[in-house]
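> Residue-level listing of the chains:
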Amino acid sequence: MKEFKHVIADPLGMHARPAGMLVKAAAGYASKITVAAPTGTADAKRLMALMRLAAKQGMELTITVEGADEEKAAAELQAFLAANL
Amino acid sequence: MKTGIGLPVFPGVSIGPAVVYRKSERTLPVSSGDPAVEQAKFNAAVETAREQLSALFEKAKIELGEEKAAIVEVQMLMLDDLDYLDGVAMAIEGGAAAAIAALDTGEEFAQVFAAMDDEYMNARSADVRDMSHRLYDILCGNTGFQLPEGSFLLVAEDLAPSETIQLPRENILAFVTRQGSSSSHTAILARTLNIPSLVQSNIDLEEAENCKILAVDGFTGTWYMDPDEETMAMLKAKQAEAAADRAALETYRGRESITKTGKKILLCANIGSPEDAEAAVAADCEGVGLMRSEFLYLGRDTLPSEDELFEAYKKVAQIMGDRPVVIRTLDIGADKQVSYLGLEKEENPALGLRGLRICLTREEIFRPQLRAILRASVYGNLQVMFPMVASVWELKAAKALCTVLRKELEEEGIATKEVPIGVMVETPAAAVLAHELAKEAAFFSVGTNDLTQYTLAVDRQNAKLDKFYDPYHPALMALLAHIAKSANEAGIWAGICGELGADPKMTEKFIEMGYTELSMAAGRILEARKIVCESEL
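Heads up: the protein sequence lines correspond to chains A and B, in order. Residue 57 in this note's numbering sits at position 57 of the first sequence, and the numbers go up by one each step. Residue 43 in this note's numbering sits at position 43 of the second sequence, and the numbers go up by one each step.
No lab work stands behind these hints: they were computed from the structure. Bear in mind the structure is a predicted one, so any value in this text is a computation, not a measurement. For glycine and all other residues, C-beta sits at the position ideal for the given N, C-alpha and C. Among these hints, one or two may not hold up.
Unchecked claim - Which chain A residues face chain B? A few, computed with CB under 7 Å, are given here:
no.: 1; residue: LYS5
no.: 2; residue: ALA9
no.: 3; residue: GLY20
no.: 4; residue: PRO38
no.: 5; residue: LEU47
Turn these sequences into a full structure, and let the hints steer you where they fit.
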């Protein structure tokens, strides 16, 4: 299992667009990917669940990746979040 | 002829045939009884919806820009959402027809979003509904609403986000909707397209369908069905005049508002939302003279959070840059439906617990708003003014709270800037005491609508009193002169932000009195600049 943290920099927080991009990115891996925010936990492959976190700018997300391609997935998703959220 | 009213969201006059937009009748589909068959139907519908949305996305990107096209993109993503697809599959497994499963599951998700304590997410419920209705329509074999050729005024109960995008914009002369707000998609689109439009109108859809000609006066917020000859002539004249004026006024764009003798007048816009701020900049405003903050409080079930208010104010501050923005604190009373404030019903709300009175009574409402304004102050040039002030102590109490809150924020390590604090002069008491208030206030802005109603003791909501509601009454003129004189003597600025601010008959009179700022609907700014620039004063 791999785990990393990301603090939301986007002033709008996790709004629909970055959430959608994250879903698309997460869908490319076999691993189970979970996003935990202070407001709740969501499967990174499920858009509306991610949106329901209503995660705001400044909130810390903990992303857990578990599965065959966890190394690759965690590294790539960390870079993805840094660039997009 | 039949006539009625609505909330105008863009000025101008449009005349033409009316088309009533209805979500067409659907035949309720019956389940085939076989979940596998229903699931296959649903899967095919998802593919069709995807094709429709991606075509719509391309169209929106070209015509309305990336940002508005994102509305469609969100729906495309929702279409693939596993929770939604699982929900539909479960409903189908339980015996529901594909169409019903798509619709009901969408409604469940829409309600979850609507119940969230987050304004942005609340608005997403419209996107979920829009997406699930599309699937429903496809599954019911509904090809959608067919619009006629040629130009028309579009009348509707309300328009969904994707509907406003897929409309043939070049053919639409006006929108008239029964619902919607000045920050709804319809209103934003009307402002983007520069077409006169009304929301929250009292138009009857059946009657609109049967009328031959519909006219909308976006200056006054009036609609006319089958206008008689006299009205038609009036509207046509107004329309021609507006077109000619607009062309002539364009030469004043980008110019300084200065009289022939060198008096500089600041021409500002009255706004209600960050979207309005963008329109105000497009209309060449020199600042915002009145930002009403009520829109942040209306149409919801809970008090907006400090963060929500902060985001809205910050956005406006950033849009306006160096230009001044005067935010009026909450002016709400028992006359507005804001159930979560728990206000008691009053015999006479106009004279009741409203404006600064609520704020001084209920600190849990006032504190987050002032903190939000102070936090947003570092992003631009914000000023704040209090409504319904009648006594000097009220102003002092509100100012003292601002000082405390600023210190509190500093201790929390949050940056703030000096925010000038002014008075919205709208009670006769404040007008008479202007020389006293001027010692405490950084500026005055006169709310002429309320000042008129309170000075003349005439209820402005009561149409029967129209002939007694005289905004040029000598008593008012005396008060207005006294306010400006008191401000000038104390070395502070005075402005006008009520309806009179845009009245071309009053512009020179105000300059003569000593007012240096006029705030009005954004669309009137170039007109006012022309008068200022031509003035010999």
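> Indicate, hint by hint, whether the structure satisfies it.
Quick rundown of the hints versus the structure:
1. LYS5: Nearest chain B Cβ about 22 Å off; hint violated.
2. ALA9: Result: violated, 15 Å to nearest chain B Cβ.
3. GLY20: Holds, about 4 Å.
4. PRO38: violated (14 Å)
5. LEU47: holds (4 Å)
Of the numbered hints given earlier, the model fails hints 1, 2, 4; all others are met.
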